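J.: For reference, the chains in residue letters:
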Amino acid sequence: MYEFLKYEVRDAMTADPIAIGPNARLREVEEIFENHDFNGVPVVDDQRRLLGILTKFDLLKAFGLGVHALAPHYDAIMEQPAAAVMTHDPVSVEPRLPLSRLLQKLVEMRTKSLPVVENGRLVGIIARQDVLKALRRATIQHEIPLHQDSPS
Amino acid sequence: MTTLLYTHPACLEHDTSFGHPECPARLTAILNALRTAPFAALEWRDAPQATVEQLTRIHPRAYIERIFARVPRQGNFALDGDTILSPQSGEAALRAAGAVCAAVDAIVQGEASNAFCAIRPPGHHAEPNQAMGFCLFSNAAIGAAHARVAHGLARVAIIDFDVHHGNGTQAAVERDPGYLYISTHQAYIYPGTGRRGERGIGNIVNIPLLAGSGSADLRHVWRQEIEPALREFKPQLILISAGFDAHHMDPLAELNFNEEDYAWLTRRISAVAADFCAGQVVSILEGGYNLSALAASVAAHVKALMEAPARGHTP
Ligand SMILES: [Zn+2]
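Note that the protein sequences, when read in sequence, are chains X and V.
The letter at position 63 of the first sequence is residue 63 when you use my numbering, and the numbering goes up by one with no holes.
The letter at position 279 of the second sequence is residue 279 when you use my numbering, and the numbering goes up by one with no holes.
Honestly, the hints are just simulated from the structure, not real lab data.
This structure is a prediction, so every number in the text was calculated from the model and none was measured.
Cβ atoms here follow ideal geometry from the backbone N, Cα and C, with glycine treated the same way.
Be aware that a few hints might be false.
[Stated by the list, open to error] Taking CB as the label site, the calculated pair distances span:
no. : chain 1 : residue 1 : chain 2 : residue 2 : range
1   : V       : His248    : X       : Pro22     : 36 to 44 Å
2   : V       : Glu227    : X       : Pro22     : 51 to 59 Å
3   : X       : Asn23     : V       : Glu43     : 54 to 62 Å
4   : X       : Arg110    : V       : Glu307    : 51 to 59 Å
[Stated by the list, open to error] Pulled from the structure, derived: some chain V residues nowhere near chain X, Cβ distances all over 12 Å:
no. : residue
5   : Ala29
6   : Phe39
7   : Thr51
8   : Glu53
9   : Gly75
10  : Gly90
11  : Gly214
12  : Asn258
Whenever a hint applies, use it, and build me the whole structure from the sequences.
T.: Spelled out as structure tokens, the structure:
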């Protein structure tokens, strides 16, 4: 009944997720969203250190009405680099964080996914759907946690 | 009395590139609406080209030469991301400013009580030394200066109900007490100016409205701010920067005015004009980017001009 409490972020996250560099064009980011069911994509340097996260919300905001142009320059905005519109210094979690705590964070922040960082490097991403899947595993199938070294 | 309509085919030839919201089809939609039966009494007149003398009352000669030097022989030239020139843009811009000056001449000389200038490019974002926001020459300011200098009027009011702040008009008139500039506009969108604190020498009234504001808000600010400022100024002529992009269907902003609001506002402005200046109003097209909403709004505006009284209560 309480199996879920034994789960950690690493048991539910997507490991080695697709990430982009800070100079990726928004056109490429849009293509990633088109082809994958992501809500946000991590932005990393060449050492896979996390620089930011670029969500669909960030992308939408980039095309909004602003003070700098009467009509948004849609084509020019598509050519902007990820670094120009990403959310800097995003909240991230560690792989060993209890999944119950991660769930709490997602609810409090109303966010859809969070990057998972270990020793400064991006190692995964965890989304609402991943947590729901883990809940299903814990409550319906009563499976044991996937990681090997946690106390049971 | 008669309402004049100033326009010119050259204004349809100003080509801002494929898909641009400030397109010739805007003017076509407006003119088609004004060719229908309810507008049969309109007196159509060809807009002349503005003279250098008229333009240089607002724009330095070097600025005017710079604009013309950038008019391309073919294709388009972008002055900035918004503001695009084509081969006919120079003539269109001269006809747009010229329409306003000719309308001022006709109205001040008593040929008609009011006029609408169906022209493009629009003008209220063009600063004395900076084209921007689809605008090349500051049409309303040029017309106001023409009324002051050529006709000796002491007090000319400009009411700007385009959804964007008329930074260009404001820049042109903010140091001269012979002008009153009143603008309603959506806050926090292009061009970012028009805050309440921008008051010129006390002759600028900026009324930013929050996204979502509509009919009731317009009536409120008219009663609280616009009408009192206008009456205190005692205008001898009222110009309107008539942009219709505060309409609830417009794609470039988030205010919620409708056709009846434009008719109502036009009647209110005309009533003040009747009280102070024999109903003399010159209205100038600015923005408005949903073609059907634009045509319907202009129709409501022009109908109200045609029905405006020339004489009010307090002569
Ligand atoms: Zn506008």
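J.: For glycine 75 (chain V), is the shortest CB-to-CB distance to chain X above 12 Å, so the non-interface label stands?
T.: 17 Å, holds
J.: Decide, holds or violated, for the assertion that all CB atoms of chain X are farther than 12 Å from the CB of phenylalanine 39 (chain V).
T.: With a cut-off of 12 Å, phenylalanine 39 (chain V) remains clear of chain X, as the shortest Cβ separation is near 29 Å.
J.: Over 12 Å to the closest beta carbon of chain X is the bar; see if glycine 214 (chain V) clears it.
T.: 18 Å, holds
J.: That 51 to 59 Å hint for glutamate 227 (chain V) and proline 22 (chain X) (C-beta), does it hold up?
T.: 53 Å, holds
J.: Beyond 12 Å from chain X, beta-carbon-wise, is glutamate 53 (chain V)?
T.: Holds, since 30 Å exceeds 12 Å.
J.: Honestly, do asparagine 23 (chain X) and glutamate 43 (chain V) meet the 54 to 62 Å range at C-beta?
T.: 60 Å, holds
J.: Any Cβ of chain X at or closer than 12 Å to threonine 51 (chain V), or is the non-interface label fine?
T.: Label holds. Min Cβ-Cβ 29 Å, cutoff 12 Å.
J.: Using the beta carbons of arginine 110 (chain X) and glutamate 307 (chain V), state whether their distance is inside 51 to 59 Å or not.
T.: 53 Å, holds
J.: Taking the beta carbons of histidine 248 (chain V) and proline 22 (chain X), is their distance inside 36 to 44 Å?
T.: 40 Å, holds
J.: Checking a non-interface call: every C-beta of chain X should be farther than 12 Å from the C-beta of asparagine 258 (chain V). Is that right?
T.: 20 Å, holds
J.: Against chain X, does alanine 29 (chain V) hold up as non-interface, every C-beta pair farther apart than 12 Å?
T.: The claim holds: alanine 29 (chain V) sits with its nearest Cβ about 18 Å from chain X, beyond 12 Å.
J.: Beyond 12 Å on every Cβ pair: is that true for glycine 90 (chain V) relative to chain X?
T.: 21 Å, holds
Checked against the numbered hints given earlier, the structure satisfies every one of them.
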